[in-house]
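**Student:** From first to last, the protein sequence lines are chains A, B and C. Just so you know, we're using my numbering here: the first sequence kicks off at 1 and counts up by one. Just so you know, we're using my numbering here: the second sequence kicks off at 1 and counts up by one. Just so you know, we're using my numbering here: the third sequence kicks off at 1 and counts up by one.
Some clues are possibly wrong.
Chain copies aren't distinguished; within one or between two, either way the pair holds.
In the EDC-like style, the derived pairs of lysine to aspartate or glutamate whose C-alpha atoms are separated by at most 20 Å in a straight line are [stated by the list, open to error]:
#, residue 1, residue 2
1, LYS163, GLU343
2, LYS346, GLU312
3, LYS392, GLU343
4, LYS197, ASP63
5, LYS377, ASP419
6, LYS422, ASP228
7, LYS392, GLU257
8, LYS326, GLU168
9, LYS49, ASP419
10, LYS354, GLU227
11, LYS279, ASP389
12, LYS422, GLU257
13, LYS361, ASP52
14, LYS78, GLU109
15, LYS94, GLU72
Simulated from the structure, these hints should not be mistaken for lab results. Just so it is clear, the structure is predicted and the values come from calculations on it, not from any experiment.
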Amino acid sequence: MDIGAEMYAQAERMYPICRSITGNGVRETLAIIREHIQIDIHEVPSHTKVFDWTVPREWNIRDAYIKNEKGERIIDFKDSNLHVVNYSVPINKKLPLEELKAHLYTIPENPDWIPYRTSYYDDTWGFCLSHHQMQSLEDGIYEVFIDSDHSDGNLSYGELLIKGETEEEILLSAHICHPSLANDNLSGIAVLTYFAKYLQSISHRYSYRFIFAPGTIGSITWLASNEDKIDRIKHGLVVSCLGDAGNPTYKCSRQSEAEINQVIEYVLENSGGEYSIEKFSPYGYDERQYCSPGINLNVGLLERSKYGTFPEYHTSADNLDFIQPKYLQESLELIKNIISVLEANKTYINMQPKCEPQLGKRGLYSAIGGDLDKATKQLAMLWILNQSDGSKSLLDIGRVSSISFELLHQTALLLEEHDLIK
Amino acid sequence: MDIGAEMYAQAERMYPICRSITGNGVRETLAIIREHIQIDIHEVPSHTKVFDWTVPREWNIRDAYIKNEKGERIIDFKDSNLHVVNYSVPINKKLPLEELKAHLYTIPENPDWIPYRTSYYDDTWGFCLSHHQMQSLEDGIYEVFIDSDHSDGNLSYGELLIKGETEEEILLSAHICHPSLANDNLSGIAVLTYFAKYLQSISHRYSYRFIFAPGTIGSITWLASNEDKIDRIKHGLVVSCLGDAGNPTYKCSRQSEAEINQVIEYVLENSGGEYSIEKFSPYGYDERQYCSPGINLNVGLLERSKYGTFPEYHTSADNLDFIQPKYLQESLELIKNIISVLEANKTYINMQPKCEPQLGKRGLYSAIGGDLDKATKQLAMLWILNQSDGSKSLLDIGRVSSISFELLHQTALLLEEHDLIK
Amino acid sequence: MDIGAEMYAQAERMYPICRSITGNGVRETLAIIREHIQIDIHEVPSHTKVFDWTVPREWNIRDAYIKNEKGERIIDFKDSNLHVVNYSVPINKKLPLEELKAHLYTIPENPDWIPYRTSYYDDTWGFCLSHHQMQSLEDGIYEVFIDSDHSDGNLSYGELLIKGETEEEILLSAHICHPSLANDNLSGIAVLTYFAKYLQSISHRYSYRFIFAPGTIGSITWLASNEDKIDRIKHGLVVSCLGDAGNPTYKCSRQSEAEINQVIEYVLENSGGEYSIEKFSPYGYDERQYCSPGINLNVGLLERSKYGTFPEYHTSADNLDFIQPKYLQESLELIKNIISVLEANKTYINMQPKCEPQLGKRGLYSAIGGDLDKATKQLAMLWILNQSDGSKSLLDIGRVSSISFELLHQTALLLEEHDLIK
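With the rest of the complex left out, here is chain A (with noise of 0.2 Å):
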């Protein structure tokens, strides 16, 4: 089975589960995650206080329906997990259908879908529907009920450190919250699954901090109880609606001059394809905690087609129909691809900054000239020779001299080699 054949297995089986920000649905999708890739289950107590938020009650839901008069459950919760707002408060009832209705769901646009909803920190309930459900209901007494539970408990997510060369860490974080969705976010947490096992079997400078957890919250408790580790963190990446047909698109963190952006920026222009760059804004998913003025990290939001564009986000036809394993597979290489670039973007210093060395006695240099690749090396080693007075990263170079970073790179492996530059 392919890598992309393997993420889509793994998103298949995780979808099923009704996950939120909290509960058993979390603990059962960390599980399956933990048996790929040693991640660490941490679980924060409710009324814990993160930041100017505190950890909600855990919630957990075990069945829910409407019933009709004739006692035959039209709405079920064991079709769709979506049917429920999320983190709806426990219900049992009879009621008309005038006062059912002031807490159905439903997408007049797209009438066959049911829309996804929750309400975290309202004590509310609610069912969402396809539209076409909602007008065949027919007056009369409605039996609604929801089995579902709000008790002290934990917040649950899982973390994963690959420590590498050094102690400077890359940040990638995947929101697991959602419930039966799949582009958002099981493509997400399969891509992240699988980049953790790549960077296991390959040698790497930064360390490298997987961190899945649910929404807002999650982030929040993780930037909370970490105060002291966040100034490792250099770059970071925040994943989402990574399976789906669309292009990549990339939305820039908070400073816009960062590396990571820089970094991207390079890797989708030199891809071929057609992609999406956009500014920072403070609306999105996690990026928004780790780009808080008073966190500022580097972290950009990574996904193929933008949240909140695309017709099936937040509806049940975001399903195992709208990813495929051959996107999960680019997108996994694009990460790897990003992540080959920022560990090879480094700042040299040139060790004979006084006029150029000589290249020649090093064997670094083609006495008579005429090999225009033999040019363009040593033209790459004038250029990092010249410009690497720790100002400037290959990247840096790259946009002045208009070679190929990986042909900088190549050549800067040479040079230092050399002791020319390190």
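Starting from the known structure of chain A, arrange chains B and C on it as the hints suggest.
**Tutor:** Only chains B and C this time, still in chain A's reference frame:
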């Protein structure tokens, strides 16, 4: 009577007075302003050293004429105070036409108009007249008479400080030295007078300093006498030519990134009308002094038609027909808009800078979306919270977010109420 | 004889000499320069360590040829010193054509021209010849003879310091290592020689340091021997290829905002002719060394046709027909213009920075206007006074004001006379 008509009426009363950089015409003008707003009137003695300059002796004039051989007053100061070169020394002499002509000034291109000329620092005399008048002069002996005197006295200027919540000041300055010229600058005097009246009816954080002083020597005198106050002035405007039919023209202050420049650019951009914005240059009105390198205040120049570019400039055609109540009113409204943006354009600090604050628990978040208006309001909150690290004003945030200043302003007030920013 | 013809005559005398990076050809060339200007001639012993390099042994050559089986000199060093690969080791050997060909260099695209080749740091030998000559060689045994030697000796270079009012220096550098190539770089040597003569006839604030040295190893040797003097060098030019019919080409120094770059851009923009300006790159002539990161001088490269871009480059076609007196003269004039702007491009301080100084009492203000020329002059005064806060040179003021550098320069001298700026 509407405000435009009131301002026009004030200009009408000031029009006949023969003003100069010193003398009783200036005092009469200040007295008229003082009927509206409680300016302090300062008298600075002749020969006072003000930086590189010296306050000149006071000039007063009672009568002046040129008589022909028949004893007819062919040029009469009583017809127009422009007829006499401003600051002319007294003269009482008969002389032939040929000799007289060396002291006559006309505008050949506009042969019906009398030019406005001055000679403050050269002891000379002269008459200004229409080109047609000069052409009609026949050979012969003429009697010239100027009943003026230069005597030790004072330079007079008016000043009003309207205190706000803070000691930070906005300077508003108009020159009051021109004789019967309506647009330049009775329009500016009237608009500032009525803006001061308006300001006393509203609350404001800035303190406002109004200076009504003769051009050049007046602003130099004020600056030299008030060096200790200069640091309080954060922004300022010199105003002139605010009554004609032209579109607004703004010349930026010396420091191109100054907030006053950004604010006026924003206001004019959003005014719906045509306008022009020019870079700073060291020629013009009293912004020359306020923007000299050793003073370097952020003071720009606001006009409608730009000085020196309209044919009526510095001629008898800049009369009460050249200005209109509606343009005075538009100018007043423009200044009100500029000031309201300056007042509102605060730089806030997010009090919960680590991750987003929980808007929901403060009732600032609409849990179940769909209200586009609410969505925009929330986005405005997120932008302000995200960017308010002390480096960005609301106007700066407007530029990156493309959210209207008005919405940002309202949102900032709301967030401030909830102690989320200050 | 005009100056262009004189420079051409100097080039003509230097042309036949077989130069290299060391040896008697260099000494003869320096002796010819010394007939015009009193350069010091430095001799640096072989094996001297200069940064990462070592001064090579001295190379001298007396004779060289290839004889055919009939004993005819079919390639003769006496016909053209380009025939021998520069720095060839001695050889005296008979060998068949096939074996000989490995040591022969031609230019197939320009089959009548002899290429110029060197092998300074590889112990090898070779001959250069026209492609037609090579094609006419018949199979057989050839006798190759090179009477050269590599012996402990010296590297020679010339240096001249012309002191100005200050110790701040402008560096002017030309490479002197190429044998019979006229444009590259007898043209540069001749133009610098005559510029030095000219400079001795005028007064100047900068001191000027002229370096006539072999390429690469010469400038490295100078820099390594004069590290204590490097800080005095504020601006500099490497010159080459100044005698051909091409338009001026300037390659900027490493620090793109350097004054020398701005000055040359200004001069070329205002020259009325075509020109090109290129960004810095680390390939070229001795600016590579002057602009290495540990030296980082503001030294650009001035040429007419750019090295490597014209077909005659590094071939026997770069001969005395390829350069012309009028182009040498134009180049000299261009350097004079550049230097005159650099000399005049001071950064002044306004001595009366608070408000405008009173120009009138100093006779600097024309009280009654109308003289357009006077108005422009006054505007120039106002601009200089307003901007001279120590952060802006006259060239900077020219850019913001759109006033010509010449008028600003004249005006600055006038204001300096009146102690208004210094």
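**Student:** Name the hints, by number, that the structure is in violation of.
**Tutor:** 2, 4, 6, 8, 12, 14
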